[in-house]
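Chain order of the listed sequences is B, Z and H. So for the first sequence, my numbering puts the first residue at 1; every next one is plus one. So for the second sequence, my numbering puts the first residue at 1001; every next one is plus one. So for the third sequence, my numbering puts the first residue at 2001; every next one is plus one.
Wrong hints could be hidden among the right ones.
[Unchecked claim] Pairs of lysine-lysine, DSSO-like flavour, derived with a Cα cap of 30 Å:
(1) K3/B / K2326/H
(2) K1162/Z / K1326/Z
(3) K3/B / K1177/Z
(4) K326/B / K344/B
(5) K2177/H / K1003/Z
(6) K2326/H / K2159/H
(7) K1326/Z / K1177/Z
(8) K2344/H / K2177/H
(9) K2230/H / K2326/H
[What the hints assert, rightly or not] Pulled a few chain H residues facing chain B out of the computed Cβ check, cut under 10 Å:
(10) R2015
(11) G2021
(12) D2195
(13) G2205
(14) H2365
(15) A2379
(16) L2385
(17) N2386
These are calculated hints, taken from the structure and not from any lab test. Just so you know, even glycine gets a beta-carbon here, dropped at the ideal spot from N, CA and C.
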Amino acid sequence: MIKDRVNQLLQERQRGFSLPGAFYVDDDMFEADLEAVFATDWLFAGSVAEIRGPGDYITMEIGRDSIVILRDREGEVRAFFNTCRHRGSRLCLHETGRANRIVCPYHQWVYELDGSLINARQMPEGFDRASHGLHPVHVEVICGLIYVCLAETPPSLEKFRKTVTPYIAPHQPDRTKVAFFSTIIEEANWKLVIDNNRECYHCAGNHPALLVTLVEFALPDDPAANATFKGLMDRSTARWDGLGLPHAPADGGTEFRCIRLPFNDDCLSFTMDGKPACNKLLADFTEPDLGSVRMFRVPNNWNHFLSDHILHFRVLPLSANRTAVKTTWLVHEDAVEGVDYDLKRLTEVWTETNDEDRILAENNHKGVRSRAYQPGPLAPSEFMLNNFADWYCTKMADWAGGPGGRRIAAE
Amino acid sequence: MIKDRVNQLLQERQRGFSLPGAFYVDDDMFEADLEAVFATDWLFAGSVAEIRGPGDYITMEIGRDSIVILRDREGEVRAFFNTCRHRGSRLCLHETGRANRIVCPYHQWVYELDGSLINARQMPEGFDRASHGLHPVHVEVICGLIYVCLAETPPSLEKFRKTVTPYIAPHQPDRTKVAFFSTIIEEANWKLVIDNNRECYHCAGNHPALLVTLVEFALPDDPAANATFKGLMDRSTARWDGLGLPHAPADGGTEFRCIRLPFNDDCLSFTMDGKPACNKLLADFTEPDLGSVRMFRVPNNWNHFLSDHILHFRVLPLSANRTAVKTTWLVHEDAVEGVDYDLKRLTEVWTETNDEDRILAENNHKGVRSRAYQPGPLAPSEFMLNNFADWYCTKMADWAGGPGGRRIAAE
Amino acid sequence: MIKDRVNQLLQERQRGFSLPGAFYVDDDMFEADLEAVFATDWLFAGSVAEIRGPGDYITMEIGRDSIVILRDREGEVRAFFNTCRHRGSRLCLHETGRANRIVCPYHQWVYELDGSLINARQMPEGFDRASHGLHPVHVEVICGLIYVCLAETPPSLEKFRKTVTPYIAPHQPDRTKVAFFSTIIEEANWKLVIDNNRECYHCAGNHPALLVTLVEFALPDDPAANATFKGLMDRSTARWDGLGLPHAPADGGTEFRCIRLPFNDDCLSFTMDGKPACNKLLADFTEPDLGSVRMFRVPNNWNHFLSDHILHFRVLPLSANRTAVKTTWLVHEDAVEGVDYDLKRLTEVWTETNDEDRILAENNHKGVRSRAYQPGPLAPSEFMLNNFADWYCTKMADWAGGPGGRRIAAE
């Protein structure tokens, strides 16, 4: 019945317009999202910099599920459902922590960092520990970015890996450390949070701090771009070519996007004055003028890779109208707070921007709930919302399996 | 299916008793209310005194809808769904404000005060602005009271207008200003809030401040009324007849009620001592002893028109168990706070009374949720609850279209 | 349809494992619990010590129902639905109080303490007060413990009464007074709260204060028990036999459990040092070394009867993921605070323990919500969870009436 409803809404959807309102606000469509999207696709979970040593872990909530992502004794990144195999208690209770082994707080069942159950006191002779290990979750690490997949058989990530690695690897994300981490809750559907990120049409009216440095154009050949931008683009790409750093838009289809774009003239980083936020540059960079690699991947992740720091954003759906947005600021692993960087200066632009975006997404959600809402026409500068909607509708169609699905998927 | 349930409950309803409990507490009946009542009928939205100048606006939440009511450049009152035609953001974010034009906070689409879209930056050549104006909402203004209707084809308000105008017009509501405005949230169904207002059976036990001045009888010929009231009534009506002010109960059927009733002997206004709250009387009144015109209209509005101030109450359903009650205190447009009136003195009686009523409605809601609740018998002094229930059941029957509906509607 | 779902889940249930997750977390299963369990069975409501005089009352919330339990003028304990027969207002608004008569706060209908309506002002001639008394709730008092049943025809309590009386009566609960009362809200399903209480497998890792005095073994012949416990048990039972105090496990089937067990060596009461909490012992005890009678009864009650105080715990379901736990500490009616007992000393062990259990139950609930949860194997020391699950599944099967029900009920 819920699949019939998905198929009906997919029939109503028109390309070039925002989605039918039910996709954004209805509880049953949120359940469909959890099954069709979040239980099947790769999800961004964090950076290896968040779990540098054995036993370091982070947890991630997706709807009603909690996942624990950790580094095992051999240095491998692993992920498990954060649910004990005994009576189901949560195991790791914090957003981040370190554990020699995973010990259930309820009855102290003990799991190795590879998920195997190694002790379950008071269980009788003959209890089969081997069949009571933690339920594993698939993990892939791409240049230090951790992706997890809840599905039994995950889709391939190889095109993504192969395509984005040349852009990201030079910034050496695996030689970074966490400078700051923030969590905000937005009273809005996760797709409205993503929509908000997928265009800069709203920037001029809402993001004064961000626009000190960020260029509003998403593509080198943006038809709306002016001569100033074209000149800046030409100078920048010549310099990056000289350094062997890729910059052209990658072909990610509707699944991902990767591109290097310059900051505004004379700007080098996301700061209030455009000067670097961290004097110790990433990798072994000596050139601070690297713009930023903007990398987005469905359904829940965007990033900026700069010369002096890296920003990861992960979007976690909590309910139809609640979404967590977690932001990580990474700097060179040898950078020293107070010496190489000032924390307020490093974080203030995106802290403000996140909060501005939260208000926009929340008001968007409120308005979409109204009977007066109808899908509205997207501007050319919102082309990435169309990409996202195409991808989303294809996922939903695959899941729901109806004729509406086939129609969209075939487009 | 929801209509079947409405029809079943209508069959169970007995006149002279409170309603079957599901009408008050069930989520699906709240959805039915939004469709059958709030999407079809005229709703009280406020006073013209709240939007005196061009661009002044107020917003009103009805369930999941938000409506913006404003005064346009020609001085006309207009109303629109508060949802942008682009991607659906809320437009006006405050309860009250002033706007030269309506500019969407998200992407700055600009709407004229007549709702037409006059600018949508970045939209391509050929974009049809004319078909993307704000969705209008019907508006009627009756002696300064603003009513809106979300339906495409609203019912007639002419009988109401014609009937109540002689009672209200002499108080000249369009020559008033807002002295105070309050919003309270009651954890109770909107119909329990209305029920609470429709009888004074509960006054003696709960409203000490109100009963300093308010008479508990609802009709001149109330069979329960004593000789004191009859004498007061006779003296009052003689005086009002001399001033040409109508007072007899109007024939509003189940839709509205309008009557002028005296205050207790020697009392002139809703104050703790019965003396006027504002020394500058409304209109050009010189006689302060005008009692009050009590005017109620389904589904969400009651009012008091006194010699020295006007009170509007609007009831806004938020969910099955949450209701906003907004109260406006109006005084003569030339009255000066601190000179002609003291704000605490003006507002304290109804601020206390509202809070007392909130507690009563909330405890009523809690009790109705119990399996032990069954519709109980109404007292003669609760005759207006019966009128309200008759009206409500007819609306629900019209909407649900079942035989239960026809039965009630035919009574 | 909800019954079909119950039957399906009952088919999935395996003895020796925790329950299928939906029973713990789904809203519709909570509704089924209210009907199948809480509307049919006897529920612990409190102690007679809480309502010592005529008109003393306590209220109890069960799902959406509120019950008032009071002592009438003749000293009898009575219970009623806490809902007025007029328009359904809650009547008694506090957790505990005293009322000469029950007067509805809304319109002052007056009920005698026997539930009869004795005054309903403004109701017309001929109004039949006799048919508008409060809806009664069945009450049984067993050694001062009050049980209520919302069903029209309650099941028999005689086996329970007959069996537990010899254990409890010597402690003379009807000669006690309330020393302290606490309410905590746990964000967990009520069955997870009960599960938590039904085993001490979790004690070692979580209850440092409790384990100062509590023995972890649930039965005299616990196969896991060590020589120390066996010696303690032998010495204790010899002493209790000498005093004529029963101690052997009673045969309560899956419905109740009653047993007297010793505290740890040299420990007499639930205190941080094991010494008595109240110097005035209960009844006319002179021997403080009485261990505690541990008495549990489905669905919502466990207790400890010591030489110096009594503890009652009542579990009240509020929604699928919210449960109130109320704890009462009773001491001898003549004990004087500050002289015979210190309140902090009396209450600190179980105040801490309750809070520790709250956290365990809440994390259990969170983990069970995950798609990764599957019923896990119970340890031998969790045998009482199996008893509880057997009882619960039989109740659900009786209510749902499907083949799954019959299968379980026949086991």
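Exercise. Return the status of the interface hint for N2386/H: holds when the least beta-carbon distance to chain B is below 10 Å, violated otherwise.
Key: For N2386/H, the interface hint is violated, since the closest Cβ of chain B sits about 12 Å away, which is over 10 Å.
Quiz item: Within a Cα-Cα threshold of 30 Å, do K3/B and K1177/Z meet the stated pairing?
Solution: Distance of about 54 Å is beyond 30 Å: violated.
Self-check item: Status of the hint placing R2015/H at chain B (closest C-beta pair under 10 Å)
Solution: violated, 15 Å
Practice problem: Measure nothing beyond the straight line between the CA atoms of K326/B and K344/B; if it is 30 Å or shorter, mark the hint as holding. | Solution: holds, 17 Å
Quiz item: Are K2326/H and K2159/H close enough, with their CA atoms no more than 30 Å apart?
Solution: Distance of about 26 Å is within 30 Å: holds.
Exercise. Hold the hint about L2385/H up to the distance rule: shortest CB distance to chain B must be less than 10 Å.
Key: With Cβ-Cβ at 8 Å, under 10 Å, it holds.
Quiz item: Taking 30 Å as the top limit, are the C-alpha atoms of K2177/H and K1003/Z close enough?
Solution: Not satisfied, since the Cα-Cα distance of roughly 54 Å exceeds 30 Å.
Exercise. Sort out whether K2326/H lies within 30 Å of K3/B, counting only the CA atoms.
Key: violated, 44 Å
Exercise. So, H2365/H near chain B? Judge it on the closest CB pair being under 10 Å.
Key: Holds - the Cβ of H2365/H comes within 10 Å of chain B, reaching about 9 Å at its closest.
Self-check item: Supplied contact hint for G2205/H, tested at 10 Å Cβ to chain B
Solution: holds, 5 Å
Quiz item: Within a Cα-Cα threshold of 30 Å, do K2230/H and K2326/H meet the stated pairing?
Solution: violated, 34 Å
Exercise. Measure nothing beyond the straight line between the CA atoms of K1162/Z and K1326/Z; if it is 30 Å or shorter, mark the hint as holding.
Key: holds, 26 Å
Violated hints, listed in ascending order, are 1, 3, 5, 9, 10, 17; each of the other numbered hints is respected by the structure.
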